[in-house]
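Novice: All chains should be built: construct the whole structure from the sequences, respecting the hints.
If you read the protein sequences in the order shown, they are chains A and B. Quick note: this note's numbering has the first sequence finishing at residue 230, numbered continuously throughout. Quick note: this note's numbering has the second sequence finishing at residue 230, numbered continuously throughout.
As the list makes no split between identical chains, a pair holds if one copy fits it or if it spans any two.
Each computed SDA-like pair below joins lysine to any residue, with the alpha-carbon atoms no more than 25 angstroms apart: (1) K176 to E220; (2) K161 to G72; (3) K182 to A221; (4) K59 to N80; (5) K161 to E136; (6) K182 to D137; (7) K69 to V57; (8) K58 to G125; (9) K161 to H174; (10) K58 to N80; (11) K128 to N153; (12) K69 to A42; (13) K69 to K128; (14) K182 to N192; (15) K161 to A82; (16) K161 to D78; (17) K161 to A151; (18) K128 to H54; (19) K58 to Q28; (20) K216 to H174; (21) K182 to Q50; (22) K203 to E220.
To be clear, the hints were calculated from the coordinates, so they are not data collected in a lab.
2 protein chains.
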Amino acid sequence: MKTDLAIVLVSGGMDSCVCAAIADSSYQLAFLHVNYGQRTEARELLAFNQLADHYQVKKRLSVSLEYLKVIGGSALTDSNIAVPEADFLSMQASKFQSPSIPVTYVPFRNAHLLSIATSWAEVIGARKIFIGAVEEDSSGYPDCREIFYEAFNRVIEVGTKPETRIDIVTPLIHMKKSEIVKRGIQLSAPLNLTWSCYQNNEKACGRCESCALRLKGFREAGINDPIPYE
Amino acid sequence: MKTDLAIVLVSGGMDSCVCAAIADSSYQLAFLHVNYGQRTEARELLAFNQLADHYQVKKRLSVSLEYLKVIGGSALTDSNIAVPEADFLSMQASKFQSPSIPVTYVPFRNAHLLSIATSWAEVIGARKIFIGAVEEDSSGYPDCREIFYEAFNRVIEVGTKPETRIDIVTPLIHMKKSEIVKRGIQLSAPLNLTWSCYQNNEKACGRCESCALRLKGFREAGINDPIPYE
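Specialist: And the structure:
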């Protein structure tokens with residue numbers, strides 16, 4: 001009998017699906033989805049709801065952060081900045097911003113996601129916040145590193161009511177993409193329902209950095225990716 | 001010549017006005033306002049724009065966080081929880097939530113404000129984020145304490161691009177309300193344009209905890225509050 005409640009941040013992508021599968025083994029689930037004006041938000045929301053249906057999650061919250069699009073500064077939310085193809089990633093990154101951070105970085109995005117999750121957790125009494133962030137085998141976003149989540153846990157500790165106990169849990173943080181695929185298969189996670197592409201809403205492009213990382217993970221795991229590609 | 005840019009979080013209340021006056025002495029200003037479904041948001045937004053006009057601020061961003069109302073859990077955003085009058089504050093607090101935290105606490109609110117400010121700062125190149133939080137002589141919200149801002153500065157350090165340098169500045173954190181009034185008068189801050197009441201939009205109620213703290217500050221400073229009360 002699972003009694004404690006955990007919020008899972010579910011973008012609709014493969015990582016968040018496997019993260020939900022891991023959380024499901026120990027907790028009652030509440031699913032949180034955040035749109036922030038990204039190009040593929042309708043497709044991601046569909047994946048979110050299908051994943052929530054799969055896990056029979058009743059507590060669902062979908063939030064729109066239109067202001068992240070207004071603030072801009074990212075290829076994911078600003079139509080003036082092209083979504084780079086994976087091969088050109090490092091070149092594009094050095095041209096538009098810091099050498100190591102891709103143009104798809106949405107400034108400080110995960111702090112917004114965690115703040116929403118924390119407020120919701122404090123109200124519904126959830127003890128854990130699961131997020132499928134990946135540090136090593138990923139896009140190099142600063143807010144996907146373990147050090148960021150450690151720092152945010154401290155903010156939660158001092159910024160909520162004294163009796164509130166909420167921890168961020170990052171079960172995938174040190175996993176490779178291929179390990180995530182394998183773990184998902186082990187846990188019967190419905191990877192066929194997920195969506196990772198940054199560019200398209202119907203068939204995944206197979207070329208953006210998110211598709212490239214996903215496909216590399218499936219290839220290295222020796223498993224066929226079940227979603228349709230162009 | 002002020003060259004560095006600072007974002008000031010301007011609710012429209014007295015504290016944020018004095019905070020803006022302090023920032024104005026050293027920085028070019030950008031003003032950020034956040035509605036989160038609170039009862040008095042229209043009146044606060046008016047105060048924000050009048051303060052921005054006063055300081056001739058061109059970079060203005062007003063953001064609505066409707067989801068904080070959806071999440072609820074606070075008398076400020078949930079019409080099922082009454083805004084307590086100051087005299088009844090401790091009783092109400094112990095009835096509805098933790099003994100020390102008022103029912104007007106919006107769960108983890110300031111983390112949302114700082115996340116928005118940080119994303120915006122990273123895109124427009126602001127180096128400082130000013131927030132008029134007050135720790136001692138205040139309502140006892142956990143996210144108004146210096147320890148919270150120290151922890152958040154660490155999150156900014158590790159959660160933004162390597163070349164990004166943004167610090168949160170809390171010039172009022174250890175001031176009493178009466179000192180804030182006096183500092184505002186010294187700096188010719190337009191306190192007549194500000195709005196603090198949690199309850200009303202036309203004439204301040206004079207009885208909610210925010211009015212009570214404000215009036216106490218003016219009284220102890222020996223200065224008349226220039227705004228209209230019921």
